[in-house]
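J.: Place chain B on chain A using the hints.
Chains as they are written, first to last, in our numbering: chain A, 38 to 612; chain B, 509 to 759.
The set of hints was computed from the structure by calculation and includes no laboratory data.
Treat the hints with care, as some may be off.
[What the hints assert, rightly or not] Derived coverage of chain A by chain B (criterion: at least 3 residues anywhere in the stretch with Cβ under 8 Å from a Cβ of chain B; other residues may be distant):
#	region
1	353-360
2	388-399
3	487-498
[Unchecked claim] Computed list of chain A residues with no C-beta within reach of chain B, every gap over 10 Å:
#	residue
4	Q136
5	K277
6	L288
7	E569
The structure displayed is predicted, hence computed values, not measured ones.
Think of the CB as a built atom: it goes at the ideal place given N, C-alpha and C, for glycine as much as any other residue.
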Amino acid sequence: MSGLARGSSARGLLAALLLLVPGVAWAQFTLRSEVDAHKVGVRDQVQLTLTVAGSGAPDEIPLPPLVNLEVVAGPFQSTQVSIVNGRMSQSRSLSYVLQPRAAGKAEVGVVRAGDQSAPAIAIEVVAGSMRSREPQRQDPFGRDPFGDPLEEFFGRRRGRAEAPRLLMEAQPSRTLLHVGEPLVLTYWLYTQTSVGDLQFKEAPQYSGFWVEDLERDKSPPSGEPASVDGQSYRRFPVLKKLLFPTKAGTLTIPATPFRIGLARTGFFDAGGTVERATKPVTITVEPLPDAPGFSGAVGRFRATASLDRDAVPLGEAATLRFRVDGTGNLKWVERGPEVSLAGAKVFPPQAKSDLRTTASGIAGSRTWEFVVVPETSGAIEIPPLAFSYFDPVAAKIVSAETAPLALRALGGTVAAGVQAAPLSSAAARATGSLPLRSDLDPSTSGALGRRRLAALVGLVLLLHAGLWGAGMLRGNAGSAAGRSASSRSVRAALRDLERAGREAMSKEQAASLVEKALDEAFGGIADADESERARAVRALLDDVRFVRYAPQLGDYSDKVRDLAARAAEAVRRWA
Amino acid sequence: MSARRAFAVLLLFASPVAAGPAEDRFREANDLVRTGDYPRAIAIYGELARSGSESATLYWNWAQAATARGAHGESLWALLRARELDPGDRAVVRDVERLREALNLDPAEIAPEPLAVAGRFSRRHRLDLVALGLLALSLIAHGAARIRSGPRSSAGIASTALVLGLAAAAIPLLASFARPTATVVRRGAPLFDAASPSADATGTLREGEVVPVLDASGEWLHVEDNAGARGWAHTADVRRLDAPPAQPSQD
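Isolated chain A (complex conformation) (with noise of 0.2 Å):
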């Protein structure tokens, strides 16, 4: 009891305190810390959201560690301040748009402003892209619908004497849905002077909705006239996104900033830019009733399924296709129905989906395929599949049912209309006998590796051109010392120091001759070289020169048999 009585007073002296000190009462914030996927591919890119709310916070919230992440745009700051039921409460965000670096573990790690802390949060990298691509776009609006085609040739200006008339609205088609319904949030521009330039001057914030693009006209919108406090307009649908609300209560689209570039109207006007915010929406999203077995599905739908085939051999297997139709959120659907077969074995399936977005959500069918091998032959009966969605116009759970369907499993014959069992082995298979090899050979011996192979064909070129080079130095030293000739050019030098002793030609052409035999058989003769095989040849050179250059004033006939002669003896004993 005294216990208790102490706790109280001090929790008392506690309270006391804190409003007494107003700084400390009143220095309360909260910090979160959120990203848009926790599971994303390598090459797409997560949105990092860190939002203080309250009053006291710092002014700076510094980036948390990243780990295989890295910042690729942002900070991006956006400030929110709304009013329910007199109380004041404002907030502030930080977005910072990553870039994983490779694919497996991920962290933003944890985020410390004053004295609140955000948890880590653990991202799965996985390789490829798990987002439906875009072209980026750095002007969310696309080219100017309204400007003038010459502006960009011309550039911007800044700067106007007259605030312009300009207004940005956000429009959302209903204020009133239940989670999961879409809702169309057009951006409307209201103006009376010419725009050649629209863009966010901050991310647009829609928390609590999943949001897709809708496809804008490939016209440039016309516009229509309207009237605001009295003033005319025209006014133009410049972007639409289609919101589905994933958690019920009142949910707020955030004010958004938009950056508006004014066209120049003559040529001493310099253009402009402006800022302009929609105001803040409010949406109201009622809750989904809870209903065993319920999909998840909001919207019309249609389920139909089928058989590839009505009778497969036993041990073949045949695809059962469950669809289901319509428009709604189906693209958030990710379980199928239950499909349990007494005597045959059903595999998991696999999900496609043909979905496109249109105003009134996301159109198109969701198609789970099922693998069904009959593990019996007979009639097996696939009962009626279940489909439970929420419709909303009758505000209800709805459950739609496929018809019945039944599939033969044909024991050991082939039915008509089946494809056969393509190997070999399917007649031994109907007897009983497959054509097995009874005897384990040994692992197959690979091929030498691309690495060796060209390792060794390296090694042989390198052995190869060692050879050549150590043949190219002997050959270097053996000139030197007096060449060795090979014996085909030793014999046709023979062959040619006959001709010229034997053939009647001009002693020029015999000279020639000779002199050419010499050359193939010892090649060029070094002037240092004094050998006796050098001197000798040296000695034939000069005779044959003085044939050659001789003024024909006799027979030089016996002159070049004896030269010839004298060269042969040369080649035959130095050669």
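T.: Relative to chain A, chain B alone:
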């Protein structure tokens, strides 16, 4: 010296002992096939393949068991793997062709990599060893030609052997640049946008189709089908042809 001899004796006795369990398991799997228990038989074949006892025979029997249970994609994969290991096995080549026709696949759909054909040709004729023999001959002949007393025809032999050896080596070397391939073993195997089962499915693959493997990430392969669509497929649906199956059979 005595220790070395003892080690050699140990090796002689150890070899049959080590080979025994694999042979026994293989026979056990064959018996299971004969009794119709194909899933367990395939599980044992897979276990043997992963333990290093891969051979054309193993995959041949695996293909028979897969066919018997109606898994034609898996059967084609096993036969193609057998052909990779023993390109000269004519029975395997024949059944690959039969199965391809039965699955209504175009020849190009099971041979997306022309260089892989060169690789099989090279392995079948052991062109790597032929190349090494010719290159060794060229070296010997070149060496002889450089010796003055050697026969004068050595240079010609060396040149010819070198050119032939390089040509023979070029085929396996070029073939080694072929992209790895994989076979779709499951009908309607989905192709995902990312290596995750929760990613968007961008299409389906044809059972038995052979697809080039562009990348791998864990249990996922980045493949390109014959229509040029690229995406990620799970290794349970698409099995590589350049390696034994990494995961046990899904049964």
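J.: Hint by hint, say whether it matches the structure.
T.: Hint check:
With 3 residues having a Cβ less than 8 Å from any Cβ of chain B, the region 353-360 of chain A passes the three-residue criterion, so the hint holds. Under a criterion of three residues with beta carbons nearer than 8 Å to beta carbons of chain B, the stated coverage of the region 388-399 of chain A is upheld, 3 such residues being counted. Evaluation of the coverage hint for the region 487-498 of chain A: fulfilled, as 6 residues show C-beta separations to chain B shorter than 8 Å, against a requirement of three. Q136 (chain A), annotated as away from the interface, keeps every beta carbon of chain B farther than 10 Å; the closest lies near 15 Å.
Listed as outside the interface, K277 (chain A) is consistent with that label: its C-beta sits roughly 23 Å from the nearest C-beta of chain B, beyond the 10 Å cut-off. In this structure L288 (chain A) is separated from chain B by more than 10 Å, as the shortest Cβ-Cβ distance comes to about 26 Å. With a closest Cβ-Cβ approach of about 22 Å to chain B, E569 (chain A) is found to remain outside the 10 Å limit, as its non-interface label requires.
The structure fails none of the hints (numbered hints given earlier).
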